[in-house]
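K.L.:
The chain contents come next:
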Amino acid sequence: MKKLSLSSLLVLAAALALTGCGRPFDVKTAPGLVELDDQEPEYSYRAIAPERVVMAVRVVDTKGRGDLEFWTRATTLRMHELDGYALLGTADVKSRDGTPGHELRFGHDEAHKPYLYVLRVFVANKRLFLVETGGPQAQMERYKSTLDWMQATLKLD
Amino acid sequence: MKRVHLGVSLFFSVVLALATSGCAGAESGGARAPSSGAVPAAASPPPPPPSPDVAAGPGGGALALAMNDPAKAKSVSDSPHSAAMLIYTANLSLAVFQVESGLEAVERVAREVGGYLSSRQDNAITIRVPRDRFDDTIARIEKLGDVTHRDIKAQDVTDEFVDLQARLKNAYSIRDRLNDLLAKAAVKEALEIEKELGRVTEDIERMEGKLKLFRDQIAFSTVTVTFAPVAVEQVQDATILAPFPWMRGLGLQSLLNVHQ
Chain A
1 MKKLSLSSLL VLAAALALTG CGRPFDVKTA PGLVELDDQE PEYSYRAIAP ERVVMAVRVV
61 DTKGRGDLEF WTRATTLRMH ELDGYALLGT ADVKSRDGTP GHELRFGHDE AHKPYLYVLR
121 VFVANKRLFL VETGGPQAQM ERYKSTLDWM QATLKLD
Chain B
1 MKRVHLGVSL FFSVVLALAT SGCAGAESGG ARAPSSGAVP AAASPPPPPP SPDVAAGPGG
61 GALALAMNDP AKAKSVSDSP HSAAMLIYTA NLSLAVFQVE SGLEAVERVA REVGGYLSSR
121 QDNAITIRVP RDRFDDTIAR IEKLGDVTHR DIKAQDVTDE FVDLQARLKN AYSIRDRLND
181 LLAKAAVKEA LEIEKELGRV TEDIERMEGK LKLFRDQIAF STVTVTFAPV AVEQVQDATI
241 LAPFPWMRGL GLQSLLNVHQ
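Chains as they are written, first to last, in the numbering used here: chain A, 1 to 157; chain B, 1 to 260.
Chain A extracted, bound-state conformation (with noise of 0.2 Å):
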């Protein structure tokens, strides 16, 4: 019996790691980049490909205060404040559970040099989820599909 609950204890135990114990969400990391460890306290989550295209999410505990909405509108006034990112456009979402959640995607110009940069926004179990992609722009385009993927497996707990 003890080494039965040893064994049921050790494999919980790996089912955990292989879940990134600890975050209140799931994400797969695509063929192409790689998952960096030790983000916190800035990022819950950060991949990056050699092109140095990068996927994060922040997980900020919000204590249930304010919606969706708030949250977008705030990031975007966020953004806004910050010197050369040009809103190219938004987008409804949702993750893999289906909890909804906005996009925006920005340009920026750095030295005469296109960069994409896009935010996804989630409120669910009182957090803020934010998922950010961003990269030079053609290498950005080059990772589309894979990003794409990357977002389709974002599940929230």
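Just so you know, these hints were derived from the structure itself, not from any lab.
Heads up, some of the hints might be wrong.
What the hints assert, rightly or not - Computed beta-carbon distance windows for the label pairs: (1) B/Ser119 <-> A/Glu81: 16 to 24 Å; (2) B/Trp246 <-> A/Pro31: 27 to 35 Å; (3) A/Arg23 <-> B/Asn257: 20 to 28 Å; (4) B/Pro229 <-> A/Thr62: 40 to 48 Å; (5) A/Pro100 <-> B/Val258: 43 to 51 Å; (6) A/Glu69 <-> B/Pro245: 16 to 24 Å; (7) B/Asp122 <-> A/Lys126: 55 to 63 Å.
Said to hold, decoys possible - Some chain A residues judged to face chain B by a derived CB distance under 8 Å, without partners named: (8) Met79; (9) Tyr117; (10) Gly134.
Heads up, the beta-carbon is just placed ideally off N, CA and C, and yes, glycines get one too.
Knowing the structure of chain A, use the given hints to seat chain B on it.
P.N.:
Then chain B, alone, in the frame of chain A:
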């Protein structure tokens, strides 16, 4: 005893009834909690409180207490001392948002009341206004800004003026006598008389100048206004960051900086 007791009870019952009816009235007329989803209508804002009466505040070191209040100053000028020779001076300090506009406004006031500009610096101006427009001038100037300091003085120069007039009259007499003597005097004496005549003439000119100054100062009051700019409050641009410091991390700089 029973009747007295009954009367007292009845009295208190009436008082209690009146009190509770007032409370009930207040409760029924009071605000109700808004129904869910409804936005309570904004109550009409109360009228603004009256601005503090700065004119009634402690004034500067005026010779007469009544001088602190221009309204009272008027009454002082109508008092039995109105026959007195009074030189009015006023020193006012005003806090304004734009000093230049304040200076121009004071100069305009001086012209409008029949006065003139005496001197003007970066943040101070001195004007001379007719004595009978002194109170009106003070009242107009005080409306130009927040009065932070007021010092109004009335200097009574009656005795000095009268004394000066008397001495001048005397000096004229002496001059006339000396001129008579000079006409009849021998050469040697004439030199002495001329010397004395010169001294008396000098005295006369000095006294005439002083009287002229008195007359001018009495006829035209002096008002000096010093302006201090009001510190304009610096309202920080509303930033969505506060109280969300994590927002500072948004953007490509943080996202692409994988070396942190």
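K.L.:
For each hint given before, does the structure comply? Return the numbers of the non-compliant ones in rising order.
P.N.:
Of the numbered hints given earlier, those the structure breaks are 1 and 5, listed in rising order.
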